[in-house]
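Participant: This is what each chain is made of:
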Amino acid sequence: MNTKTYDLVIVGSGISGAIIAHQLGKQGKKVLILEAGQEVPVDRSGYMQTFYKANAKTPESPYPPTTQNPQASTPQNPLGLPNPALENVPRYTVLQINAWRKPDQCYFIYPPQPPGLTGDSQEAMFAFASSYERIGGGTTWHWLGTSVRLFPNDFELKTQYNQGVDWPGGKNFYQALVPYYEKATNEIGVAGDKEALDKLYTQFGVEPSGIYGANYNYPMPPIIDSMVDTAFGKVTSLTVDGIPVYTTPTPQGRNSLPGDRRQCAGNTNCIPICPIQAKYDATVTLANALQTGNVDIRYRCVASNIRVDDTTHEVTGIDYITYDDHLGPPTGSGTAVGTKYLLAAHAIETPKLLLLSNKNKSFPNGVANSSGQVGRNLMDHIMYLAWGLAKDPVYAYRGPLATSGFESLRDGAFRSKRAAYRIEIGNEGWQWAGNDPFTTLADFVFGQDNNQLNGDSVNQQGQPLRFNPALPANSQLFGEQLVNTLNGIYIRQIRLGYLIEQLPDPDNRVELSTEKDHLGLLRPQVTYRLRSNYERDAFVSAKQVSTEIFNAMGATEYTQTPPPPRLYGTPDQVTATNFQYQGQNFKFYGAGHIVGTYCMGDCKEKSVLNSRQQSWDHNNLYMVGSGVFPTVATGNPTLTIAALAFQAADNILADLTKTSTETEEALADVS
Amino acid sequence: MSSEMDNFIGLSAVLTGFNKSVLSPFLDPVDIKSEYLPFFKQKIAQESGNPNLVGQILEKYSSLSAQGLTPQQIGAAMLDPGNGADFVLACRKLIFMWYSGAWPTLIPANGSTPASTVSDMISAKSYTTGLVWQVMQSHPMGDSNYRYGYWAKAPASLSDYTGNGGK
Numbered sequence: 001m002n003t004k005t006y007d008l009v010i011v012g013s014g015i016s017g018a019i020i021a022h023q024l025g026k027q028g029k030k031v032l033i034l035e036a037g038q039e040v041p042v043d044r045s046g047y048m049q050t051f052y053k054a055n056a057k058t059p060e061s062p063y064p065p066t067t068q069n070p071q072a073s074t075p076q077n078p079l080g081l082p083n084p085a086l087e088n089v090p091r092y093t094v095l096q097i098n099a100w101r102k103p104d105q106c107y108f109i110y111p112p113q114p115p116g117l118t119g120d121s122q123e124a125m126f127a128f129a130s131s132y133e134r135i136g137g138g139t140t141w142h143w144l145g146t147s148v149r150l151f152p153n154d155f156e157l158k159t160q161y162n163q164g165v166d167w168p169g170g171k172n173f174y175q176a177l178v179p180y181y182e183k184a185t186n187e188i189g190v191a192g193d194k195e196a197l198d199k200l201y202t203q204f205g206v207e208p209s210g211i212y213g214a215n216y217n218y219p220m221p222p223i224i225d226s227m228v229d230t231a232f233g234k235v236t237s238l239t240v241d242g243i244p245v246y247t248t249p250t251p252q253g254r255n256s257l258p259g260d261r262r263q264c265a266g267n268t269n270c271i272p273i274c275p276i277q278a279k280y281d282a283t284v285t286l287a288n289a290l291q292t293g294n295v296d297i298r299y300r301c302v303a304s305n306i307r308v309d310d311t312t313h314e315v316t317g318i319d320y321i322t323y324d325d326h327l328g329p330p331t332g333s334g335t336a337v338g339t340k341y342l343l344a345a346h347a348i349e350t351p352k353l354l355l356l357s358n359k360n361k362s363f364p365n366g367v368a369n370s371s372g373q374v375g376r377n378l379m380d381h382i383m384y385l386a387w388g389l390a391k392d393p394v395y396a397y398r399g400p401l402a403t404s405g406f407e408s409l410r411d412g413a414f415r416s417k418r419a420a421y422r423i424e425i426g427n428e429g430w431q432w433a434g435n436d437p438f439t440t441l442a443d444f445v446f447g448q449d450n451n452q453l454n455g456d457s458v459n460q461q462g463q464p465l466r467f468n469p470a471l472p473a474n475s476q477l478f479g480e481q482l483v484n485t486l487n488g489i490y491i492r493q494i495r496l497g498y499l500i501e502q503l504p505d506p507d508n509r510v511e512l513s514t515e516k517d518h519l520g521l522l523r524p525q526v527t528y529r530l531r532s533n534y535e536r537d538a539f540v541s542a543k544q545v546s547t548e549i550f551n552a553m554g555a556t557e558y559t560q561t562p563p564p565p566r567l568y569g570t571p572d573q574v575t576a577t578n579f580q581y582q583g584q585n586f587k588f589y590g591a592g593h594i595v596g597t598y599c600m601g602d603c604k605e606k607s608v609l610n611s612r613q614q615s616w617d618h619n620n621l622y623m624v625g626s627g628v629f630p631t632v633a634t635g636n637p638t639l640t641i642a643a644l645a646f647q648a649a650d651n652i653l654a655d656l657t658k659t660s661t662e663t664e665e666a667l668a669d670v671s
Numbered sequence: 001m002s003s004e005m006d007n008f009i010g011l012s013a014v015l016t017g018f019n020k021s022v023l024s025p026f027l028d029p030v031d032i033k034s035e036y037l038p039f040f041k042q043k044i045a046q047e048s049g050n051p052n053l054v055g056q057i058l059e060k061y062s063s064l065s066a067q068g069l070t071p072q073q074i075g076a077a078m079l080d081p082g083n084g085a086d087f088v089l090a091c092r093k094l095i096f097m098w099y100s101g102a103w104p105t106l107i108p109a110n111g112s113t114p115a116s117t118v119s120d121m122i123s124a125k126s127y128t129t130g131l132v133w134q135v136m137q138s139h140p141m142g143d144s145n146y147r148y149g150y151w152a153k154a155p156a157s158l159s160d161y162t163g164n165g166g167k
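Line by line, the protein sequences give chains S and L.
The opening position of the first sequence corresponds to residue 1 in full-length UniProt numbering, with each subsequent residue numbered one higher.
The opening position of the second sequence corresponds to residue 1 in full-length UniProt numbering, with each subsequent residue numbered one higher.
Looking at chain L on its own, in the form it has when it is part of the complex:
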């Protein structure tokens, strides 16, 4: 049986489109996952009023992943409205958290003002590990590991950033 963290990473990989090896590298001195899992559990319990919701989400993922489904099929099943609004919203917030390093608050549309999202940065570390910088084939603004002049050339391929090479 998978551990809670295994399921958390597996689900996160399916929903974000990034490989597990990027979310949870073998050598992982940053270890953002250990910050995200308890934070996610706490926020979802608080917002949904259901302390077991994250457990149910991870169980569902565990069950689906045991069925040999594709990531696309698992993701679609996880985000099926039939799971309930809180369940699906929690999954969507998980995506946002991994990409941005921040926790989202959704602001509903109000008159002519469209629906929007306000984000609250979780930590300095979460900012620099946001997947959004990887998906744009770059680096976090303010945290470049590149060298002078890299910006004049095309970056490495997208799959090098998502870890989903060879597809």
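Next up, chain S with everything else stripped away, as it sits in the complex:
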């Protein structure tokens, strides 16, 4: 039994939990963090070794618990995925996407596909395509580092375009967030080009005073552009829906100068792991929080239930279960007690915990869930990938994974009809798009043609795709010819990724399944569809725009048309993220931006939290992270997550002061 009482008990040690712990710790408040996962390691060399050895270099591959075990491979489980029922802290991983119909390999449980659907049905269910970590420091271990702000119009999609919902207060919410964006930018140590971004903000009608405070600039100078960026930067004459298309350097959470951490060395590995911590991650802030001397953290400590007082409806404690070994038995349990409580466990585990907490008489449907909104409106940036070969060498696979993007299509009048997107320019060749360099290698060593460079494929523009027309199809090369062929291909590879905004859909949701993890906690059931043509129309646009961009730069497009969706069949036969629209086959990818599920809103009937990120139902309960976002908006979420965490810290500090004053007054009355 834990007998110490804290000002704040936090569940989760990711960026939000760490920022708030640090802010409160600096003010002398006593904070306890419950972290379900393993400790932040002394150094990251162990994670690096796991990454190097991993067959699939997925975002989760370096981190415990193990995501793949070739020794456990079977015909039914070729990748050797662990059984989530045997794990104390399972999480959803990218490798589970294609195993989404196999509960002994996939942490999420998915409802059965409704019968009688066709591949273009809006009711078709898909696998969720993004993942997260359950370890000390959270998912920023594998974030990309992109630190863009959302735009004012992102906060009032309903008012401006009659789509989705507004954030509470709309543009006022944005204005209130501006100083916190600055704090977040400083905390992460963002390297950015203010002048280039000013141009963008001006295009979107943002007053300079609405962007930065006086004399503000990024804490680090911009990360230098890659040669890939330079090639795309030559695209200057295109317009989409009347909007000029141009590249903008991406503000990034990685060191362009040596500082407290090392200067970026271009490991081209931000996801899954920066080997030298040039990229910010939340362990930086977590260490600072612990340094205050006022913050305690308990690792391997899984929050399992939230207790609520039946009369006051205040949270009275958070129950937890401890373990030593990830596959071992539970080693204890307890209840963490504080004045205030904060859930910072990201957008899957937070609603799971709220829904698990259904033993309180007044809240039989789960804590903070009088609205029935907990778990609803699960969103992501659904991604369209396009790839090609540049005319001249661009020397891919060098530098940070992404250093520029096409940002100018993140807002516009088109948004009343179709989703907006930002286009990320990849520096990693076809690693994501085509599982390279190994697929192209195998193609030319063994005479295969999986990347269309060694066969008779023709792209949709009618261009033949065989890399060297002088070679026969399915060539098997060796020696100098192999060297020159592979080199010529790899150094020209380019990739675009479209982060398409997904509308909130209350039926896209996290619920509790009947399957359990090794601690006996029910696992999430996830329902995920793309029901709106708003999103599907953006895929059509993305496909067309990619082709135009590639044409404008003289590149040859190699984007592969995915196979048609298969909704019914055995778990090995069904597709996971393939869909049809307007007669075309698409496949979506995840951006890793898990958003929604405990949204803020204007009224308690329709949302879980008020605009202070405080539960409508429980005065002393707060929630942070991208789960609070009412819409996914058009930017990568982490900078906004961090800004909202600073804002929440101020709210919690103010409320703690109020609580303390009220207590003192009450004591004075008694005396």
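Keep in mind the hints are simulated off the structure, nothing from the lab.
There may be inaccurate statements among the hints.
Said to hold, decoys possible - Computed list of lysine-lysine pairs in DSBU-like fashion (alpha-carbon distance at most 35 Å, straight line):
#1 S:LYS199 - L:LYS153
#2 L:LYS153 - L:LYS33
#3 S:LYS543 - L:LYS153
#4 S:LYS183 - S:LYS658
#5 S:LYS183 - S:LYS30
#6 L:LYS20 - L:LYS33
#7 S:LYS199 - S:LYS391
#8 L:LYS41 - L:LYS20
#9 S:LYS604 - S:LYS171
#10 L:LYS153 - S:LYS102
#11 S:LYS26 - L:LYS33
#12 L:LYS60 - L:LYS33
#13 S:LYS30 - S:LYS516
#14 S:LYS53 - L:LYS60
#15 S:LYS516 - S:LYS359
#16 L:LYS20 - S:LYS234
#17 S:LYS183 - S:LYS606
#18 L:LYS41 - L:LYS125
#19 L:LYS33 - L:LYS43
#20 L:LYS60 - L:LYS125
#21 S:LYS199 - S:LYS171
#22 L:LYS153 - S:LYS183
#23 L:LYS41 - S:LYS53
#24 S:LYS53 - L:LYS33
#25 L:LYS153 - S:LYS391
#26 L:LYS153 - S:LYS194
#27 S:LYS361 - S:LYS516
#28 S:LYS53 - L:LYS153
#29 S:LYS53 - L:LYS125
#30 S:LYS658 - S:LYS171
#31 S:LYS234 - S:LYS543
#32 S:LYS53 - L:LYS43
#33 S:LYS359 - S:LYS658
#34 S:LYS102 - L:LYS125
#35 S:LYS234 - S:LYS199
#36 L:LYS20 - L:LYS153
Mind docking chain L on chain S? Use the hints.
Facilitator: Frame of chain S; chain L shown alone:
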């Protein structure tokens, strides 16, 4: 007479297109070759059912290299179908291993699904020593020895990476 390792490196250089000095540098603290040779022998014996196949491959290479042939001629002779399917496939897998640091399993075409390759990473060290990173004039993803900003400039010439300069 050459040692087994000499033949292994010589054959590997011919087939990969990289210079022996890259595969087996004079100062070689990584020494991936000493991991690859026994691994290669073991895998090929297991997969072909012929414990002597690697020995036969290396002998053939030794014999060809003694004839003063060019690397192109030796490679073509080693990969001649007349050597037998297992012999040629072993040579091709050797190429893949050096480039990727992983061991390949070939999946035949099945209906509309084309033939593909699944790879199994041999070790953390083999990943970082894969030639594929050199042939793209870069570094292993996650193991850069370069400095800030190198990505804004063209890399050194390809021959600097393959060790086949001056050609």
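Participant: Give a verdict on every hint.
Facilitator: Now for the hints, and whether the structure bears them out:
1. S:LYS199 - L:LYS153: At roughly 26 Å apart (the allowed maximum being 35 Å), L:LYS153 and S:LYS199 satisfy the hint.
2. L:LYS153 - L:LYS33: Holds, because 32 Å separates the two Cα atoms, which is no more than 35 Å.
3. S:LYS543 - L:LYS153: holds (30 Å)
4. S:LYS183 - S:LYS658: Holds, at about 24 Å.
5. S:LYS183 - S:LYS30: holds (22 Å)
6. L:LYS20 - L:LYS33: holds (11 Å)
7. S:LYS199 - S:LYS391: Cα-Cα ~29 Å, so holds.
8. L:LYS41 - L:LYS20: holds (20 Å)
9. S:LYS604 - S:LYS171: holds (20 Å)
10. L:LYS153 - S:LYS102: violated (47 Å)
11. S:LYS26 - L:LYS33: violated (54 Å)
12. L:LYS60 - L:LYS33: Cα-Cα ~20 Å, so holds.
13. S:LYS30 - S:LYS516: Since the Cα atoms of S:LYS30 and S:LYS516 sit roughly 34 Å apart, the hinted pair holds (cutoff 35 Å).
14. S:LYS53 - L:LYS60: holds (33 Å)
15. S:LYS516 - S:LYS359: holds (18 Å)
16. L:LYS20 - S:LYS234: The given pair, whose Cα atoms are some 41 Å apart, is violated under the 35 Å limit.
17. S:LYS183 - S:LYS606: Holds: S:LYS183 and S:LYS606 sit about 30 Å apart, inside 35 Å.
18. L:LYS41 - L:LYS125: holds (19 Å)
19. L:LYS33 - L:LYS43: At roughly 15 Å apart (the allowed maximum being 35 Å), L:LYS43 and L:LYS33 satisfy the hint.
20. L:LYS60 - L:LYS125: holds (29 Å)
21. S:LYS199 - S:LYS171: holds (20 Å)
22. L:LYS153 - S:LYS183: Roughly 34 Å between the alpha carbons, so the hint for L:LYS153 and S:LYS183 holds.
23. L:LYS41 - S:LYS53: This hinted pair holds, its Cα atoms lying about 21 Å apart.
24. S:LYS53 - L:LYS33: It holds: about 17 Å lies between the C-alpha atoms, which stays within 35 Å.
25. L:LYS153 - S:LYS391: holds (17 Å)
26. L:LYS153 - S:LYS194: Holds, at about 24 Å.
27. S:LYS361 - S:LYS516: holds (24 Å)
28. S:LYS53 - L:LYS153: Given that 35 Å is the threshold and the Cα spacing comes to 30 Å, the pair holds.
29. S:LYS53 - L:LYS125: Since the Cα atoms of S:LYS53 and L:LYS125 sit roughly 8 Å apart, the hinted pair holds (cutoff 35 Å).
30. S:LYS658 - S:LYS171: holds (28 Å)
31. S:LYS234 - S:LYS543: Given pair S:LYS234, S:LYS543 holds - Cα atoms ~20 Å apart, limit 35 Å.
32. S:LYS53 - L:LYS43: At roughly 18 Å apart (the allowed maximum being 35 Å), L:LYS43 and S:LYS53 satisfy the hint.
33. S:LYS359 - S:LYS658: holds (30 Å)
34. S:LYS102 - L:LYS125: Holds - the C-alpha atoms of L:LYS125 and S:LYS102 are around 33 Å apart, at most 35 Å.
35. S:LYS234 - S:LYS199: holds (18 Å)
36. L:LYS20 - L:LYS153: holds (28 Å)
Violated hints, in rising order: 10, 11 and 16; the structure is consistent with all others.
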